[in-house]
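Enquirer: From first to last, the protein sequence lines stand for chains A and B. Reading the first sequence from the start, the letters are residues 20 to 454 in our numbering. Reading the second sequence from the start, the letters are residues 11 to 152 in our numbering.
Hints are not guaranteed to be accurate.
[To be verified] Lysine-lysine pairs mimicking DSBU-like chemistry, simulated, CA-CA at most 35 Å apart:
{"#": "1", "chain 1": "A", "residue 1": "K43", "chain 2": "A", "residue 2": "K94"}
{"#": "2", "chain 1": "A", "residue 1": "K412", "chain 2": "B", "residue 2": "K103"}
{"#": "3", "chain 1": "A", "residue 1": "K37", "chain 2": "A", "residue 2": "K249"}
{"#": "4", "chain 1": "B", "residue 1": "K63", "chain 2": "A", "residue 2": "K412"}
{"#": "5", "chain 1": "A", "residue 1": "K84", "chain 2": "A", "residue 2": "K249"}
{"#": "6", "chain 1": "A", "residue 1": "K429", "chain 2": "A", "residue 2": "K367"}
{"#": "7", "chain 1": "A", "residue 1": "K392", "chain 2": "B", "residue 2": "K63"}
{"#": "8", "chain 1": "A", "residue 1": "K37", "chain 2": "B", "residue 2": "K63"}
{"#": "9", "chain 1": "A", "residue 1": "K429", "chain 2": "A", "residue 2": "K84"}
{"#": "10", "chain 1": "A", "residue 1": "K124", "chain 2": "A", "residue 2": "K43"}
{"#": "11", "chain 1": "A", "residue 1": "K84", "chain 2": "A", "residue 2": "K104"}
{"#": "12", "chain 1": "A", "residue 1": "K190", "chain 2": "A", "residue 2": "K427"}
{"#": "13", "chain 1": "A", "residue 1": "K367", "chain 2": "B", "residue 2": "K63"}
{"#": "14", "chain 1": "A", "residue 1": "K190", "chain 2": "A", "residue 2": "K245"}
{"#": "15", "chain 1": "A", "residue 1": "K37", "chain 2": "A", "residue 2": "K367"}
{"#": "16", "chain 1": "A", "residue 1": "K367", "chain 2": "A", "residue 2": "K84"}
{"#": "17", "chain 1": "A", "residue 1": "K43", "chain 2": "A", "residue 2": "K104"}
{"#": "18", "chain 1": "A", "residue 1": "K392", "chain 2": "A", "residue 2": "K429"}
{"#": "19", "chain 1": "A", "residue 1": "K94", "chain 2": "A", "residue 2": "K77"}
{"#": "20", "chain 1": "B", "residue 1": "K103", "chain 2": "A", "residue 2": "K57"}
{"#": "21", "chain 1": "B", "residue 1": "K63", "chain 2": "A", "residue 2": "K434"}
FYI, nobody ran anything at the bench for these hints, they're computed from the structure.
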Amino acid sequence: MSRKQDILTLPHDELEAKQLQGVKETIVACYENVPFYKQLFDEAGFDPYKVESLADLKDAPFTTKQDLRDNYPYKLFAVPMSEVKEIHMSSGTMGVATVGGYTQKDLETWGECFARGIIYANGDQNDIVHVCYGYGLFTGGLGAHYGGLWMDSTVIPMSAGNTERQIKVLKEMGSTILCCTPSYAMHIADTALEMGLDPAKDFHLRAGIHGAEPFSDNFRADLEKKLNYKVLDVYGLTETMGPGVAIECWEQDGLHLAEDHFYAEIIDPETGEVLPDGEWGELVLTTVDREASPVVRYRTRDITRIIPGQCACGRTHRRIDRLHGRTDDMLIIRGVNVFPSQIEDVMKTVPELSSWYQVELSTVDHLDRVTLKVELEPDYQFDEIAAIERLQKDVESKLKSALSVGLKVKIVEPKSIPRSEGKAKRVVDLREGVK
Amino acid sequence: MIEQITVFLENSEGRLAAMCRTLADAGVNMSALSIADTADFGVVRIIADNPRKAVEALTGNDYRAAITNVAAIAVPNEPGGLARLLETLDSLKLNIEYGYCFSLQGDAAVDVLKFRSADAASEAADTLEEAGFRLLSQEDLA
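So that you can see chain A by itself, here it is in the shape it has in the complex (with noise of 0.2 Å):
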């Protein structure tokens, strides 16, 4: 049996009185159980049982990636230990991983807000769900995972990677629910059309829900013909929970947010000020029932802002826009979170480069190709191409090893990497569809 889901139909009032419910609760949790949030809040002057409406909660302060890693790794952990099934982390250099923590309900409400993305797809039990996201602490597979199960879907757990053998299990298995990576779903079209399959007649697709990095409509538009399918935008990120805190519907009008388990604001990410429905700022998300890893006002650096007005779906949920980009320098790189800062430190490790790079991303056969132009130093003895192109190559391995995603290695000519006022433009982004 398939579960209903009234909540998505709620008023919005009766939402909001849910949310300041648990959002009171949520912040008394925060001040009670974890004493970085005491000492958060008593330093800022902010009394977490004076908040009486959702507004008041602007008077807190921010927590952000930083708070969470100098925290690691379970000392934001709200409930004991033993209360905690399962861990999470954010992709990134070892020690310096977001971990995130789930007690049973914690997963349930998780599945619950991944299985709304089968719902706005008009899935429900009769859906097999082929699940391509990585399984492990990447919160992709098993968040998708947990939408299937909730919704009482059928769940293949392919995780990523065999291309070949994704494409004979969406052609002779019956997926209907594809879950992964758009520029994943993408690469197995392009496989599929290789292999001299036509996947839009030989796959039996009614959906994708692709999230993780950011697509353009015109590769949504064209991941929608070659497969033969609707594109729904997911959003999520490990901090408060994993890929669900978002999900477009049919209406492809932006995400719907989970509203029930999480508030969100806008702020204007220089001021920090709460910006008006409508505009456009930094995605602030504060949990509203989680058990084990809550959050408050977690500043997720994502750019987007509240679509005013109400879907034509008819649910209530407040939706944001398709993400704008970031208010950091980080990267998302084939799904992966890359900071410039963690090539950086790679770099250092091989004298025969000098710390001039570019890291220029750009869109090859709708996959995101990253190339790493990096300046020798000096007195490198590059006479010999063969020991060029094994530097090449072994900076390529500990990038990889290191970034988990791989980067090509271009070595450059003296001072081609461009100085402006004696700082180099480290990252050039010429990806589709990436603003």
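Assemble chain B onto chain A, guided by the hints.
Expert: Showing chain B alone in chain A's frame:
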């Protein structure tokens, strides 16, 4: 041994022409130029009348340029000239990194060889001279 100019160039339009112009403006006269290239970059090797001046001019114009010591051997300008040279070296089992030939006016061609180490280069030089080849100096090429 003679001095070769080695230049690192990106594999992009106009780079080689620009580099040659820089050398021309510095009054450097080239007698040989060879390019080893990959998809991304190339290494250009040049024999010229004034390698030090050439490197100075290139470096001053933001090129990666350096002097590399290579062996230059006179080879009779006739069928089998190079074959005999390489066969002589073959017996030594030395690792040659790269090589190229060029011909100046006259009855001898020049074969340039880069050995992996200075020791290998001098061992090769001894063997070649015993076999009757003439190793050239910078002055021979001027």
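Enquirer: None of the hints should be skipped; say for each whether it holds.
Expert: Consistency of the hints with the structure:
For the given pair, K43 of chain A sits about 21 Å from K94 of chain A by alpha-carbon distance, which is consistent with the 35 Å threshold. Taking the CA atoms of K412 of chain A and K103 of chain B, the gap is about 28 Å. The hint holds against a cut of 35 Å. Distance hint between K37 of chain A and K249 of chain A is fulfilled; the C-alpha atoms sit about 32 Å from each other, no more than 35 Å. Distance check on the hinted pair: K63 of chain B and K412 of chain A sit about 34 Å apart at the alpha-carbon level, within 35 Å; holds.
Proximity of K84 of chain A to K249 of chain A is assessed by CA-CA distance (about 33 Å); at most 35 Å being required, the pair is judged to hold. Pair hint K429 of chain A plus K367 of chain A holds up; C-alpha atoms about 16 Å apart against a cutoff of 35 Å. Annotation: proposed proximity of K392 of chain A to K63 of chain B holds, straight-line Cα distance about 29 Å (limit 35 Å). The hinted pair formed by K37 of chain A and K63 of chain B fails the criterion: a straight-line CA distance of about 79 Å is larger than 35 Å.
Note on K429 of chain A and K84 of chain A: the hinted pairing holds, with a Cα-Cα distance of about 32 Å set against a maximum of 35 Å. Distance check on the hinted pair: K124 of chain A and K43 of chain A sit about 18 Å apart at the alpha-carbon level, within 35 Å; holds. Between K84 of chain A and K104 of chain A the CA atoms are separated by roughly 23 Å; this keeps the pair inside 35 Å, and the hint holds. Of the pairs offered as hints, the one joining K190 of chain A and K427 of chain A holds, with about 33 Å between alpha carbons and a cut-off of 35 Å not exceeded.
With a C-alpha separation of about 33 Å, the suggested pairing of K367 of chain A with K63 of chain B holds against the 35 Å cut-off. For the proposed pair K190 of chain A and K245 of chain A, the alpha carbon gap of about 14 Å is at most 35 Å, so the pair holds. The hinted pair formed by K37 of chain A and K367 of chain A fails the criterion: a straight-line CA distance of about 51 Å is larger than 35 Å. Straight-line distance between C-alpha atoms of K367 of chain A and K84 of chain A comes to about 24 Å, which keeps the hinted pair within the 35 Å bound.
With a CA separation close to 24 Å, the supplied pair K43 of chain A and K104 of chain A stays within the 35 Å bound. Taken as a hint, the K392 of chain A and K429 of chain A pair is honoured in the structure, with Cα atoms around 5 Å apart against an allowance of 35 Å. As the CA atoms of K94 of chain A and K77 of chain A are separated by approximately 24 Å, the hinted pair is consistent with the 35 Å bound. Between K103 of chain B and K57 of chain A the CA atoms are separated by roughly 74 Å; this puts the pair beyond 35 Å, and the hint is violated.
Restraint check for K63 of chain B and K434 of chain A: the C-alpha separation of about 21 Å stays at or below 35 Å, so the hint holds.
Of the hints listed earlier, those the structure fails to meet are numbers 8, 15, 20, in rising order.
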